[in-house]
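S.K.: So the chains spell out like this:
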Amino acid sequence: MRFSFDRVADYFAAVAALGAENDPARQRAIAAVLGLVETATEPIPAKPVTGPSPAPALPKSPREESSAVRPPPARSAEISRQPRQPSRLQYTLTRLSSPARTRPDWLEHVPPLPPPPSGGTATPPVPLPLLAPRWSRAILSTAMSRETATNTIDIDAIVRDLARGLPLRAVPRRVMPALSHGVQLLVDRGPGAAPFLADQELLIRQIRAVAGRDRVQLLRFDPSRGFIAGTGPRTRWRDYFSLPAPPPAMTVVLVSDAGTAAVPFESNALPADWRDFVVRLRARGNRVIAFVPYAPSRWPPMLRGILGMLPWDRRTSVQSVRRLLARRGRRRQVPP
Amino acid sequence: MSHEPHGEIGDTSKVYVYTKPEIPLALDIAIATGRPLLVGGPTGCGKSSLARFTATRLGWRFYEKTITSMTQARDLQWEVDHLRRLNDAQDQRLQSDYTHYIKPGVLWWAMNRTTAQEQAEVYGAACKDPNLGADHPRAVVLLDEIDKADPDVPNNLLVPLGSFHFQIDETGAEVALDREHSPLILITTNGERELPAAFLRRCIELYLDPPGRELLLDIAQKHFPGTARDHFDALLTAVETARPPDWTGPALPSPAELIDVIRATKRLQDRSPAAIAKLVVWKQSQSGKVAG
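So the protein lines, in turn, are chains A and B.
Position 146 (the first sequence) corresponds to 146 in my numbering; numbering is contiguous.
To convert, count from 1 in the second sequence and add 336; that's my numbering.
Hints in this document: simulated from the structure, not taken from any laboratory.
What you are looking at is a predicted structure, and each value in this text was computed from that prediction instead of being measured.
It is possible that part of the hints are untrue.
To be verified - Output of the computed footprint for chain A on chain B, the stretches with three or more beta carbons under 8 Å from beta carbons of chain A:
#1 353–362
#2 366–375
#3 433–442
#4 482–495
#5 519–533
What the hints assert, rightly or not - Computed beta-carbon distance windows for the label pairs:
#6 Leu604(B) x Pro247(A): 19 to 25 Å
#7 Val126(A) x Pro581(B): 51 to 57 Å
#8 Arg603(B) x Arg322(A): 53 to 59 Å
A virtual CB, placed ideally from N, CA and C, is assigned to each residue, including glycine.
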C-alpha cells in the first residue's frame, strides 16, 4: 500500500471528478487503483470522466483480478522480508554420554508444549544487505556506470579549444556516466565465497534492479578450479577466457572474496593465480571492479595495486566508490 | 462508449480490449489527478497500444517518445540545436538570442501548445508539431520503455511531471502548463529495472497481466471481426504445437504476437498457418534469449 498525503489528496480528487461521492463500491475501486487498499472487492463500474472516456470493451463480465495495482517492486530494504527458502542443511546430533537422572515428580503434571507449526523445519535467517540499503542503489550505479558520450554537444569544450586558437576537428559531445554499456557480473562460487551465497543472490537482484535485467550478463565462476565460468550447471563451465569476451565498454563486476579466505582442505586458488586472472581480465580493456566481503586489511597484497576492490560492507559509500575510481583513473570516457 | 472495431484490420490505435476492468478507471483517475499513469507488464501485452487507443478514443492530440539509453530528461522538454548554431557562427549568421536554436520537446507540446508553436516558428521551418493524433486542446503523451533510460532520467522528470512546469536553461524562459488542458501522460515499463521510489510515488500504477486463452481469442475477434473464432483457436493451437518439448517460454503468445500472426496469415495466404506459427515460436525463443 502507498499511503501518503498526496495519495489521499489524489483519492478525494478522483472521487470528486468521477462523481463517486455516493458510490462506496467505486470509492473502494479508486482507493485500490491508488494503492490505498489492498484489493477492489467488487467489479468496478466504469464511468466516463470527461468527454468520451474509455469503457470496458468486453461484452461479458470482466475477469476478476486480485489487485489493480502492481505490487511494489522489491526494494533493497524490503528484500529481507521476502519469503525464506527452507534449509537444505540437515544434521544429526549424537548424544555422547547420558548421565543418569531421576525424573522429578512435578514433571508428570506439566502439559507438553505444542508441536512446532511447520513440522520442525528450520529456516535460516535471511541476511541483511551487506551494502547500506539507503545508499546501495547509488553505490552500485556509480560503480557500474561508464563515462559515455551523449547526443549533446559539449559547448564548453568547443569554447575552450577555440579560445586557444585550435581548429575544431571533431564536434565534442558532452560526457555523462551511463549504464547503457551493460555489466558482466562474475559471481564467485568457489569455497572461499561459500559463506556469502545468500548475500551474493541478494546483490545479483540489486544489480539487476539498478542496471536493468537486459543489461546484466551473469556468469558464475570458480577460482579453485582454474577460474572456470559459465551460466548453467558447473559441469558445463569452461575456462573464463575461452568464453566470448565482453565488449570493451562493458564494466566487469567481480563479486568475490578475491582469495582472501583460504578454506582448509580445499584447493584454493593461489594469490599468483588470482594475480594472473586479474591481469588478463584488465588486459581486455574492461573496467573491473570487485566487491569483497572482507576488511581491506585482509585483502591479498598482491591484488591491491591491480584490482579495484570495494569493501562489500555497510561503511562503503558513494564517496568511497568515487575515490576508488578516481584513484584508478578509470573514469575515462568510453570510445563511441 | 462503443467498441465497434473500425479502421484497418488489427489497427491497435482504434481497437483495444481492456484485459482487466481497472484499466478505464486507472485512466480516469490519472486524468482526474493529473498524475502520470505508469503501465507495467510483459512485452506485447498492450501497454503502448493503450496510449494510442486512449488518444484516439478521447480525440486528443497524441505524442510519442520511445526512450533509449541515450535519452535525457531534457530531451523530452526541449532540445538545443548546437550544431546549427555552430554552422551559423561559421557563416557569420549567428543569432545572439539562443531562442533561435531551441526546439520544443514532446512534453512542451503537450503541456502548452501555444508557446511550443511560437517557439517552433522562431526556430524555423524544420520544427513542426509532432502530433500523431487529432486536433484537440488536450494531449496524451506516451513515454515508452522508461526502463531503457539511465537511472537518473526518471528522477530528472519529477519536476516537469509533478508540477507541469520547467525552465529552459539557455534562455531562462519558463514553460508552464495550460491548466485547463493538462495532458494525460502514460509511461510504460517492462519491469526490467527498479524505478526510483520518488518517481513511483508520483505515478498511478497499473499492471497489465498477460491475457489467458479465452481473452486472447476475444482480442483477436475484436481486431478481426469478420473471422470465425475457431480460426483463431486453430492458430493458437498451431503456435502451441510448433513449440519444442522443452519450451520454457510463455504459455501463450502475447496479444501483439497473436495479432501479428493473424495479420500474416491473412496477407500471406500462400503460406501455411503452421509455417507462420513456427516463425512466431522462433521469434519468442529469440526474445527469451535476449531477456534472459
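S.K.: If a hint holds in the structure, say so; if it doesn't, say that too.
M.R.: Verification of the supplied hints:
{"no.": "1", "hint": "353–362", "verdict": "holds (count 10)"}
{"no.": "2", "hint": "366–375", "verdict": "holds (count 4)"}
{"no.": "3", "hint": "433–442", "verdict": "violated (count 0)"}
{"no.": "4", "hint": "482–495", "verdict": "holds (count 4)"}
{"no.": "5", "hint": "519–533", "verdict": "holds (count 7)"}
{"no.": "6", "hint": "Leu604(B) x Pro247(A): 19 to 25 Å", "verdict": "violated, 37 Å"}
{"no.": "7", "hint": "Val126(A) x Pro581(B): 51 to 57 Å", "verdict": "violated, 36 Å"}
{"no.": "8", "hint": "Arg603(B) x Arg322(A): 53 to 59 Å", "verdict": "holds, 56 Å"}
Figure legend: structure checked against the earlier numbered hints; hints not met, in rising order: 3, 6 and 7.
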